[in-house]
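Use these hints to put chain R onto chain G, whose structure you have.
Going line by line, the protein sequences match chains G and R.
Residue 56 in my numbering sits at position 56 of the first sequence, and the numbers go up by one each step.
Residue 113 in my numbering sits at position 113 of the second sequence, and the numbers go up by one each step.
The hints are simulated quantities; they were obtained by calculation from the structure and are not laboratory data.
From the three backbone atoms N, C-alpha and C, an ideal C-beta is built for every residue, glycine too.
Do not take every clue at face value.
Claimed, not checked - One-sided excerpt, in silico: chain G residues whose CB lies under 8 Å from chain R:
1. ALA17
2. VAL30
3. ARG33
4. THR118
5. TYR119
6. ASP122
7. ALA125
8. GLY145
9. PRO146
10. SER147
11. GLY149
12. ASN151
13. GLY161
14. ALA180
Claimed, not checked - Non-contacting residues of chain G with respect to chain R, defined by C-beta distances greater than 12 Å in every case (computed):
15. GLU128
16. GLU204
17. GLN233
18. VAL236
19. SER240
20. VAL245
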Amino acid sequence: MVPDPDDILMRAFLAPARALEPSAEEIVNVLARVRPASRGSGAPRRPVGRLRTLAAGLAALLLVAAAIWSVPATRAALEGAGESVGGAFSGWLGGDAADAPGRPLRSDEPAPAEPTPTYLYDHQAAREPRVIAEAGGYKLYSYIGPSGGLNFLLGGGLGFGFENIAQLGKAPLHVLGPGARRHADAEGHVALFGIAARSVKSVELTYESGPPLRVDGVDGGFVLLAKPGRGPQEVVALDSRGDVVGRQSVDEIDWQHYLERPRG
Amino acid sequence: MEPNSQQAEPRSVAAEVHRLRGGDSEAAEALARRGVRLALQTAGALLESREEASDIAQDVAVDALRSLGKLRDPEAFDAWVHRITVRHTMRRLKRQRRAREAETPLALLSEAAQPSVPEDTDPDALIAARQTLVTALTRLPARQRLALALRYVHDLSDTEIAAALDCREGTVHALLSRGRRTLRRDPQLIEIAIEFRGG
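Isolated chain G, as found in the complex (with noise of 0.2 Å):
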């Protein structure tokens, strides 16, 4: 296509405004107003219930977190930790690779839901990838980063980061959440993503009525299928017994907001 004339004359008299860099003063100036509100601005919203809950580990678990993690992490320090989600995730952090759940992302990685963000091929941006569960091809990826934290992303787009394993809290599982789709898939599904301890074998998910949504093999994180318009109320964790281990409320999620048609 030959291009219009007028458009390259535009180009050519704003070619100086698309040459202009920003000075250090203004990067400085504009990190120095955005530090004191960055705090929980720059994470996703999530629903109020498992904020709430999350903050409330967080903060009960400050003191202990920094005496544990005020030295290298290692196997013997966690002992016991194999009950609450960290204990998951803390062999692998703390460099034994072979004890990390899931298994490594796969460069030829079949069918995903949703494309597979590329910067996960990135080795300094993302260490170790992982697929941590997946269903329905969506997947729970993990990764360390490049400051050494422990970093979830579910399906193709939202992620969640924790500096520590300290920061997953005691429980036994957390629902990370939906992942950044806004509507139902053509099944019906809005797969909800989460994080288990490595004594949780099985989740199931409840709705209003009729019977629950089961996965089995646990390994450290999960992906339901959840339907929206059943109205899933909550998740639970059981153990190789089938003994309920930890449950974590749902229903303050907007499910019928899936439920809307895509405009356009």
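Same frame as chain G, now just chain R:
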């Protein structure tokens, strides 16, 4: 053709957004730089001084980083910044509604980047041409100016400009057409166009 500074980003913007959500301060700096740069270039094409553009760019970057939690698609960070830039710039332009002559148009300040015009172009003629264009731009309605800046500074598509201006693609097409038509009718720009086209 000058290098597009956006292409020099070594890591994907989505990766930086994820890193920032994970508490990575380097990501905060990278995104602050990216946000300031994008906004600076847009505002810089329309405002009369770098100081004015800088004020807006910093406000935009602060808003973008503080509201990052509302950004559902990390890949859409640039679009997010453009949208915030439009809001801030529009506000500023409306305050300047009373037309003023551009004293030192920002588009003239940097001579380092040479635009793609014929090599034998007289530099003085080029500066005069830019002066004329920026002055002519200040006479356009704010939304037309923004649409033109987003197209010719950032090379955004109609769809992307529509997202930034919060309007339909058809409206973008109309804004760009009207803006170009007005500029084409400017007697001084006609002379310049003839000169630069070699016609």
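Now for the hints, and whether the structure bears them out:
1. ALA17: holds (4 Å)
2. VAL30: Holds - the Cβ of VAL30/G comes within 8 Å of chain R, reaching about 4 Å at its closest.
3. ARG33: holds (5 Å)
4. THR118: holds (7 Å)
5. TYR119: At 4 Å from the nearest chain R Cβ, TYR119/G passes the 8 Å test, so the hint holds.
6. ASP122: Holds, because the Cβ-Cβ distance from ASP122/G to chain R comes to roughly 7 Å (cut-off 8 Å).
7. ALA125: For ALA125/G, the interface hint holds, since the closest Cβ of chain R sits about 5 Å away, which is under 8 Å.
8. GLY145: Given a least distance of 5 Å, the restraint on GLY145/G holds.
9. PRO146: holds (6 Å)
10. SER147: This hint holds: SER147/G lies near chain R, its Cβ roughly 6 Å from the closest one there, short of 8 Å.
11. GLY149: holds (5 Å)
12. ASN151: Hint on ASN151/G: holds, closest Cβ of chain R at ~5 Å, below 8 Å.
13. GLY161: holds (2 Å)
14. ALA180: holds (5 Å)
15. GLU128: holds (15 Å)
16. GLU204: holds (28 Å)
17. GLN233: holds (25 Å)
18. VAL236: Its Cβ never comes within 12 Å of chain R, the nearest being 28 Å, so this holds.
19. SER240: Label holds. Min Cβ-Cβ 32 Å, cutoff 12 Å.
20. VAL245: holds (28 Å)
In summary, the structure agrees with every hint in the numbered list given earlier.
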